[in-house]
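Given chain A, work out where chain V should sit, using these hints.
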Amino acid sequence: MISKYAHKASPRVMPRNPTNRRRRLRETAFWYLLLSPSLLIVFGFSIVPMLWSVYYSLTKGGILGEKTFVGLQNYFIAANHPIFLLTMKNTALYAVLTIPVVLFVALVVALIIQQLPTMQGLFRSTVYFPLIIPVVIAANIWAYIVSRDVGPLNVLLGSFGLPRIDWLGDPAWAIPAIVLMEIWRGFGFYVIILFAALQSIPREQYEAARIDGARGLRIIWSITLPLLRPALGFCFIMATIFNFQLFDPVYVLTQGGPAWATSTVSWYVYQQAFEADNLGFASTMGVVLMLVILILSVIQLRFFRSDVEY
Amino acid sequence: MLANLGGIKSKRGIFIWRAFCYLILILISLATVVPFLFMFSTSLTESFTMMSYPPTLFPDNPSLANYWEIVFNFQNGLFLRWFFNTIFTTVCITAGSLVLNTLAGYIFAKKEFYGKRMLFILLLSTMMVPGAVTLIPAFLMINKLRLFDTYWAVILPGLASPFGIFMMRQFISSLPTELIEVSKLDGASEFRIFWSIIMPLSLPGMAALGIFTVINSWNSFLWPLVVLRSSTMRTLVVGLSTLKSEYITDYGLIMAGAVLTVVPLIILYTLFQPYFVEGLRMGSGK
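Chains as they are written, first to last, in the numbering used here: chain A, 18 to 327; chain V, 5 to 290.
By construction, these hints were calculated from the structure, which means they are not laboratory data.
Incorrect hints may have been included.
[Claimed, not checked] Among the chain A residues that face chain V by a calculated CB cut under 7 Å, a handful are:
hint	residue
1	Ser142
2	Val153
3	Ala189
[What the hints assert, rightly or not] Below are the PhoX-like pairs computed for lysine-lysine, each with C-alpha atoms no more than 25 Å apart in a straight line:
hint	chain 1	residue 1	chain 2	residue 2
4	A	Lys84	V	Lys148
5	A	Lys77	V	Lys148
6	V	Lys115	V	Lys188
7	V	Lys188	V	Lys114
8	V	Lys120	V	Lys15
The beta-carbon is built from N, C-alpha and C at its ideal position, and this holds for glycine as well.
Pulled out of the complex, with its shape left as it was, chain A reads as follows:
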């Protein structure tokens, strides 16, 4: 999303003529003045708090009261903190389990929708539907779907003769249960993006391939996928940013349990800040998470760089 503006520099007009230059400066001041409310709000609730977090991460103390400066001590603690390292591992696991599946499902659904002569709009709005429902409500419904004794999912499994699973109570199954929910809830978003990208692929590309004798999966592999690369790149980056910040379903479904098994970094930050009143350490973990997301985004931007035009 950023790269487009990074290399397409608007010509830097610096008028030589002093009168023009003064006028230009006056206009600049005017537009900044009009932008100031939006900029104050956006930066005031993103960059400013972020810088505060970096400062808090170097201190020790609770949300209220004295904070003592301790340097990088929190970072050294974090590097050896078993629960923090577990939440890091969990966060990565959620992302690794969710992203490939959700993007694959979305791609297949978008391709199938595109085959239809009618009702494309209806199916697109249906698959997006779970995303307009508050996560808290979706998660409560999901808690019912996967509940051990009465949940429809276990009833379904049972009708195939499979044993019941204590989805949210068993540490081994709790993460898959949340991943399933994220896939169910989230794939519609990527369907819309990928479908829009599919529509913008010119028909001639397909016709040319067909004249060359390509069929079916071969066309998808050598025409559709390469042309879809920018959109897939965008979806990949968005999915990474979303999934590395996973919080709401953990809060509603498991509160991080059983025994930290489902905790993500975001959840642990919240828990340490607001329940354990351990502001310094919570900020440290937040900063580390931010750096991880930043590094992953930069790598992905580089990987998709030559094509991504966002």
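This is chain V only, laid out in the frame that chain A set:
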């Protein structure tokens, strides 16, 4: 359009292929929507047990008792108060952010000034800052400003967003610049140009952004949870999340509340669906 993706030529082949596609999509649609029908059926079930077994989509004796209970009897109409809080904050955020985001989008789309490119990149990069690092200091800031537990605490951060500015910039970029220059020659002031030329022409984009903003603020959870304390200030989503733990364990009642929370969204989504999809497309930068 791609019916002969598989090289199918006969009419019958195309028919079977399409029927197959419809079937798959109907199954997927059912899988996405059926879980919500359980919410609906549970809300119509009067029971003291947690959930019915075996799970049923059509309760035996459907009744609206849960709805009556949560709207009129629950804590002296607390639910209605939550409803009001949600509508009030959503309306304020949507109205305010439409004006601010459109104005900023217009300036970034059509005006030249020093530092514009850097500023825009900086603005977009704020989207990557995770909530985990902004939540606590933002909460402390709201405390310092003495806005804790007020509507302002919820409204203020929603009044402008990088996503909204980006979306409106994309939309306004496609409007002809000549229009602005002509009205300037006619002596229209900058304010007039924005108000009576840019705003009306941006209405489709604003509709898309508006519906987005409504859904986002209606559903916003973590921030209101943190900055609102008293039970009378809660929004619907925050209120619902506290229901289970604080007051009751009656699932029918909770689900009745959930249905009432999402019905306005579903109506809005159905009405504005074309704008919504268009907005997502614009927001993704296509």
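Here is how each hint holds up against the structure:
no., hint, in the structure
1, Ser142, "holds, 5 Å"
2, Val153, "holds, 5 Å"
3, Ala189, "violated, 23 Å"
4, A:Lys84 with V:Lys148, "holds, 16 Å"
5, A:Lys77 with V:Lys148, "holds, 20 Å"
6, V:Lys115 with V:Lys188, "holds, 13 Å"
7, V:Lys188 with V:Lys114, "holds, 13 Å"
8, V:Lys120 with V:Lys15, "violated, 57 Å"
Comparing the model with each earlier hint shows violations of hints 3, 8; every other hint is respected.
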